[in-house]
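Protein chains in written order, with my numbering: chain A, 1 to 515; chain B, 1 to 628; chain C, 1 to 192; chain D, 1 to 101; chain E, 1 to 501.
Everything labelled a hint here was simulated from the structure, so no lab data went into it. Treat the hints with caution; some may be incorrect.
Said to hold, decoys possible - In silico EDC-like cross-links for lysine to aspartate or glutamate, where the CA-CA straight-line distance does not exceed 20 Å:
#, chain 1, residue 1, chain 2, residue 2
1, A, Lys469, B, Asp71
2, E, Lys381, A, Asp26
3, E, Lys108, C, Asp77
4, B, Lys159, A, Glu438
5, E, Lys361, C, Glu175
6, B, Lys554, A, Glu296
7, A, Lys429, B, Glu202
8, E, Lys163, D, Asp92
9, D, Lys90, C, Asp77
10, E, Lys108, C, Glu177
11, A, Lys428, B, Asp71
12, A, Lys403, A, Asp501
13, B, Lys570, B, Glu558
14, A, Lys403, A, Glu494
15, B, Lys110, A, Asp445
16, D, Lys86, C, Asp77
17, A, Lys403, B, Glu202
18, B, Lys159, B, Asp354
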Amino acid sequence: MIDHILTLLIFFPALAAMLGFVVTKDSMRAYGIAVAFIEFVLSLWLWYAYDPMISGMQFMESMPLIPAFGINYLLGVDGISLFIIILSTFFTLIGIASLTETRRLKDLIITLLFLEMTMVGVFAALDAIVFYVFWELSLVPMLYIIGAWGGPLRIYASVKFFLYTFTGSLVMLVGMLFMAYFYYQATGQWSFSILEWYRLILPENFQLWLFAAFFLGFAIKVPMFPFHTWLPYAHGQAPTIGSVILAAILLKMGTYAFVRFSLPLFPDASVFFMFPIAIIAIIMIIYTAMVAYAQEDIKQVVAYSSVSHMGVIILGTFALNVEGVSGSVFLMLAHGVVSGALFLLVGVIYDRRHTKLMSEFGGLATVMPRYATIFGIMMMASVGLPLTINFVGEFLCLLGFYKQSHMLTLTAGVAIIVGAIYMLSAYKKMFFGTVTNEANRNLKDINRTEMLGLIPLVIVAIWLGIYPKPVLEPINNSVESVIQLMHDKAQTPEAKARIPDLSGNNGTISLQEAH
Amino acid sequence: MELYLYVALFAPLVGSLYAALFSASPKSKHVGIVASGLLFTSFVSSAILLSYVMSGHIVHVEMMTWMATGDLYIPFGFVVDQVSVVMMMVVTIVSTVVHIYSIGYMDHDKGFNRFFSWLSAFVFSMMVLVMSDNFAGLFIGWEGVGLCSWGLIGFWYHKESATWAANEAFIMNRIADLGMLIGIFLLYWNTGSLQYDVVFAEIGNLPLVVTTWIGIFLFIGAMGKSAQFPLHTWLADAMEGPTPVSALIHAATMVTAGVYLVVRANPIYDLIPNVGLFIASLGAFVALFAASMALVNRDMKRIIAYSTLSQLGYMFVAAGLGAYWVALFHLMAHAFFKALLFLGAGNVMHAMHDELDPFKMGGLRKVMKGTFVMMTLASVALAGIYPFAGFFSKDLILEVGFVEHHYVIYTVLLLTAGLTAFYSFRLVALIFHGEERYKLFGIHPHEAYKFMLVAMSPLLVLAMIAGAFKMTYYQLVISVLPDTQYHVHSEMTYWIMTIGTQLFVIAAIVYAYKKYSNWNSVPDGTSAMENSFGYKLLSNQYYIPKFYEEVFSKPYLELSRIAWKQIDLKIVDATVDGIANVIYKTGENTRDIQNGNLSTMLRWMVVGLVVLITLALAFTVGYNAVGA
Amino acid sequence: MFEAIAFYLFAALTITMFTITVMTSQALYAITAMAAGMIFISAFFFILGADFLGAIQIIVYTGAVMALYAFGMMFFDTTRDVVEKRTNPQIVFVLGVLAAVMVVAIFVAPIVSNNIQALYPIQEGVGNSQAVGMVLFTKYLVPFELAAVMLLVAMIGGIVLAGKKMDKSLTLMKEEEIGLMDDTFEPKAGGH
Amino acid sequence: MEVTLNHYLVLSTILFAIGLVGVMRRKNLLMLFFATEILLNATNIAFAAISHYIGDLSGQMFAFFIIAIAASEVAIGLGLLIVWFKRTGKIDLDQMNSMRG
Amino acid sequence: MLEPINVSIASLNLATLAPMVIAIVGALTILVIDMIKGGLNKTLYVMISLLFLLLDLGALVDFAGVFLKNGTVLGFFDVMLMDGIAILSQIIIVVGSMLFIPLALTSKRFHEYNYPEYFALFLFMIAGFQFMVATDNLILIFVGLETASLALYTLIALHNRSKSFEAAVKYFTMGALAAGFFAFGAMILYAISGSVEINQIATVLAEDHYRNIGYVLVSMAFMIAAFGFKLSMVPFHTWTPDVYEGSSAALAGYMSIVPKIAAFVVAMRLFEFLVHSGVVWLQVILYIGVVVTMTASNIWALVQSDVKRMLAYSSISHAGFVMAAILIGTTQSNTGLFLYWALFSFTNLGAFTMLWVNRQKDLLPGQSSDHPYEKFSGMVKTMPMGAVMMALFMLSLAGIPPFGLFWGKMYMIGSAVSAGYTVLALIMALNSAIAGYYYLKLIVFMFMKEPMVGYEKLYFMNASLSLKTIIGIAAVGTIFAVFAVNPLLEVITLFVYNSGY
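With the hints as constraints, model all of the structure from the sequences given.
This is the structure in structure tokens:
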């Protein structure tokens, strides 16, 4: 069974979703929680069985799918993907457990389970086409969730979300086909296996074009400025659960893909585009933070803050050294936990008041102290206070990029200031002051169901902030092999110089050796 | 000894968590008592560590790994050496006192339990800050105290001004923290580590320019925490928090963290005297600048806050000029008497029902004897009268300035000493002497709980006698800090300087007393002095807050709105929608090509054919032309 | 010489006739002109030695097709003036003339080729019909048979479409109505 | 004044263009069908001519089948016209506009 | 005198005619049965048609085996050409027909199914298409094309309502014009090569080194116009939406698949040798044609308010997409063409069958067409399985993996990339994105809007067991396409490659 644990992880939720059609409406919630829980336990088992000292892929599975065109059902996890998979299962569990939606609950849970399949699939796929399949497929359940359970503008938001991402990923598909074609030219065989692609050394000008093609797909997903405008709509209109999953997992697909594809495949192009992308990342960080500051709707604040944080992740990714990339992978998890929690928190108040406008609130700390506390903790985590999960990631990202550029990091570091500004002012507007709106006077504090979802997130946010090692170590080992691979493949002198050479530093096995 | 280290470190955390458990429940005294008890435990442990360290050992533990990736390795490591143990003592003493005091002070507050949770958490963060053996750990504490400061300034969150001040403090500190972070990055990429010992061993090998940048960035961090110009405005506003908070955080401990950082990083600053000089100059400037604002202020706590700022300036002068042990010594002495002063002010506030304007008080010595004595003595210590603590530390700084031949700095500091004496006693005179103006406002003041006064007494004692420990202290810290003795070469000059300073200060005190001890009216803003330009300038803090408001806050908000409404919605998003709309509109506008009329359809077919033939002909002509 | 005269004569005639067909508003003129044009075309076939084709042309076109059209005209009652709304008449001519001019521009160039081989050469002394029959029933037997099928299709199609059964539409009727009329509705196509 | 193949081709083209004009110009469907006949006839002349000039029978075969096709088309076309006429009483294509866009 | 010609029966390879003859015999059988006893139920004719098509398919599969063993089979004086693409396309034609013909078994009664002649014409039409693809003789292509077309016009009109007559007349008239184009184009080819067989023409032109380039190009202009009509390339596409709207959904779906694959095969035969010979003009024209067809029809599809018209424009766009294969002209792209069409036929079968199921006889007040988007609003609540199915087909059409059409799209774009047509590949990809919108629009209506009150029953109007079965087959084919792609790809590549394309 251990040989096929990834397949199991991917398709168990889908199968469960199918069977879920039989379950009656009133039992659906329990069913959903049970399935998500089993899935979560399975993913924990994956972690348990994972050997953190091996940097390469583990639990590899391979099955020919379309061998004539080099497409194989290839799965595997390394330190980079392992935790995002766990995060996906974790958030599905949390999301279903703290679900407050009552309209067509059955459909919603089934959709969520399908979504879970696609999420796990994206992160476990080692074949570009399999990756693409899950990547695209994940749009569909999300489209439905936003479109069917969303706010007044839900159709616009969902269609925009879908089409925007779809467009980007189609360009990416062209890039992938190109990649496969290059592989074909080089070896005479078609292959979409990422690990096989890793062995290709492409001429620099091709790298640039391919990088750009992949970039468009990933950048829209992340979303990077100026492709980010679908996100506020999607978040603003999506139901709580949709926003949570979107922010926590779906956005990570883009950043994950940068680490999985762009960096190791195109080391020279990565170095070439490092500064332009860093500048985009800085614009994301500062500009969206400013936009967030101007928002009137608390959910939009969190939505824009997501973009801002994604900027830091991108910056870390393009630090192209172990510190930065590890940091960015870690920050993906961190941002997942924190923004997921923040969206859940926004959902709590939305359920009570059916508005998200901050001007409607004020003084909530008096009426809902527990809520204010948890919100405060998560806000501080989002701001990147040390000993919370976000800090580790942000620190490493910025630290890593500092190696590449002083000035840009200094500018990017403004993140910690502007982030504090919008978060604190939003918190102040909502929680501080006196209760002015009568409707808020008798709000109930967080109930047990909501606690059930939030407490684990608080624990994780602090636990991994204090003791990130169990997560950081496997990430680090895998990232080291990626960086080493990049260094070995780099052709231009600049790339050679920018990407550190780790060989001789330690005994991690590089990817080629592992396979 | 490790056990004591952990006890000293974690006892406040335990206290905080214990209090946090009850934070949502109504006030319960045991929370305060337990928290205070745990702090006392921490104090005792620190004292034991002190004695251990005094015997020449240091304790260095590595609890566990925090972050490790690539070459980066950051443990949770703690070191108790001569410097940190001094800080630990200061922190634990003051905080124990403040905790006990707070049991009384916060007696009637709904957020009693929450208060203790925050306060103990602060102490924990401060302990992390001072005990860490690396810059990252320091940064944890650094941010931790910032967080607790935020929580405590905004403790009364229903007050707009309090929450505003809290956010201001946090954000201003964040600005500085960025500098600090960059400093840390620089250290890491140049020395490969963040451990103090490794960094300091390596720092000498770095190019000077790098070291300079490191020094500058770290100091930017220190500037924020220690509220140095231009990041000073938050400190005065932070007085919105409960007074014990001001005593502990914004006088004794947190704001001195900047000084501690410079002292801690002395091997770096030793290499870059130019930066040191800048630090000293800035310190001297701030000393004078803050003192000048304190002269006319009508808010008791703000006056004390400015005085804190001013004293921090002194400390930076010392640290900047390389007299690290002097800076640390003043830090310690200042902690005691300034905390005392604040706590006294707290008593007064309580008595006066949170009235802060000293002009509305007067004659309080009759009803608040204990407080009167304590505040007066604290002010004396602040003014630097022999043999109080302030004399030993502050005079030393003046000497340092003189010996290092920075006569401008020396003069500024001397002048500031006079101003300090003046505004301190202006305050004392206004509060405790003269007519009982409070009666106009129908207030019936009363002395604070006895145990509060008892709790304050250790500080009183220390404020008076701390100077006596100077040599012991000196012997202790020179094993870590550069051993530089500052002696004016000529005996004669020394005495002239010392006595002259004392006389100058006393003259200032007398002047203050004379002017204010018989004050009998509440100024209403009509007097000539109040309308003079100088007075307005000072009472408006040189218009700096207004300047920040107008130049940074408002434009930032405005810019943010523009970024959202004009750029994000109208340009970025509109472009995306525009592309979609253009495509859709093209469809709308051209769908009539299929107008359902068969004749048109046939014509379109012929048009297609004609176009194809045209292209064929054109190509043929071109082909033949080329071919021929 | 005779050939040239004949060519130009018949060319002029066919062009005239077809122009009349296309341009006149009298349906009767149009069909008459077309019938004439068809016959003139058969003249070309005879000139070119395609006797069989010429015969077929006259029989099929002037015989069958024209008869059908004549029937159609009577059926549709278009013997009077045909009123047609002209929309953008100039475009029509521009397009037509353009197409013609450009194709002609290419067609005036001689065809240069040394590689054209007659696969089914016209042999001297063999009657055209004979030769055609030879080819038609060997090489083109399959197309010929298929053409038969096509004519069958056309026949069935014509009959079915014009049949009485089309007068009532089951597609448009409600199910209940169909149920009522099931007895009278004979699903027989060729029955009339 | 020799008549070459090109002469026939040009003639065929002219007739074809006349047919095109008719197709585009006619609104009466019956008369429009006349024009389509002209198109096919124009082609037939060219086929016969080419067949003659290169001495190959395939062209005549093609023309033969084109005639067959033309005849079939007439049958179907008239059938369609008849049902259309029975339903609407008109054979003007301007009346045929229930679907568009 | 002519020499008598001795022809041995064996050399004729009569077997090459077998598949078509089976279809024709089937049609005649139906006619005979009707003559013997009229008034028989349509189920009988459906089953007879199915049986004959099955035989037809059997013959084709048999031929496939022969082809794999011996290569291309020529028959009947080389008129019949049974090469790989002929066999493949015939298999698609026959299988497609087999899947569409059971759609006659609706629960409502429609006019055309009361005619046994309907089924006879249907089989004749299939035979016509089969002839069209199984030869490279322009005459046979033309006759086959016309046989099929004439039958098709009749089938459309037999739906018997004014829209279907209008559709048939429009289709017929434009078809007649296109036939003229074809004839003229063939004439020019004959003039410069003295042959009506594509292989022979290619040889002659190559030997002439394309000296008569003007003639070649003009003939190609006419041919493109003729096949542009069949393949509904812009601007020869205008009939498509009207004809689809006018005919029954079942027939519209059929038209989107089968006639086009036949036309594609002929276009492949006719154009690819020229593309390969470096006739730049043709490349340019095809490039423009492909891009304009894809893009313009996508854009028009965006603004449709009727689902069937939308699908009509969408199938124009898909045809344009596949047309790219002919432009690219590599083995991979030709393989992609067949793969795409095989997958497309399943998906489109499903989509049109869903429309067919949703067909009601009388239009609702305010409706001007059979399948306006509004009719589908809130379908997930009234008919969840149906909505899911329809969504599935829409997603597949949009190219969302892992549903059927994605693999076709991927392979096509891949072949464009491999052949160096990067920009084309990008345009193809971006067009898929535009297309996403209108497919999504239907999903939005079905899943995100509230149903029309009082008309919920409409969705079930026409469902019957056989229709549901067909939808099930289409759904299975669409969902599990991923497992079929590899065998399909291998077989198709083998056939295409061995046919020299």
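Contradicted hints - numbers only: 3, 7, 11
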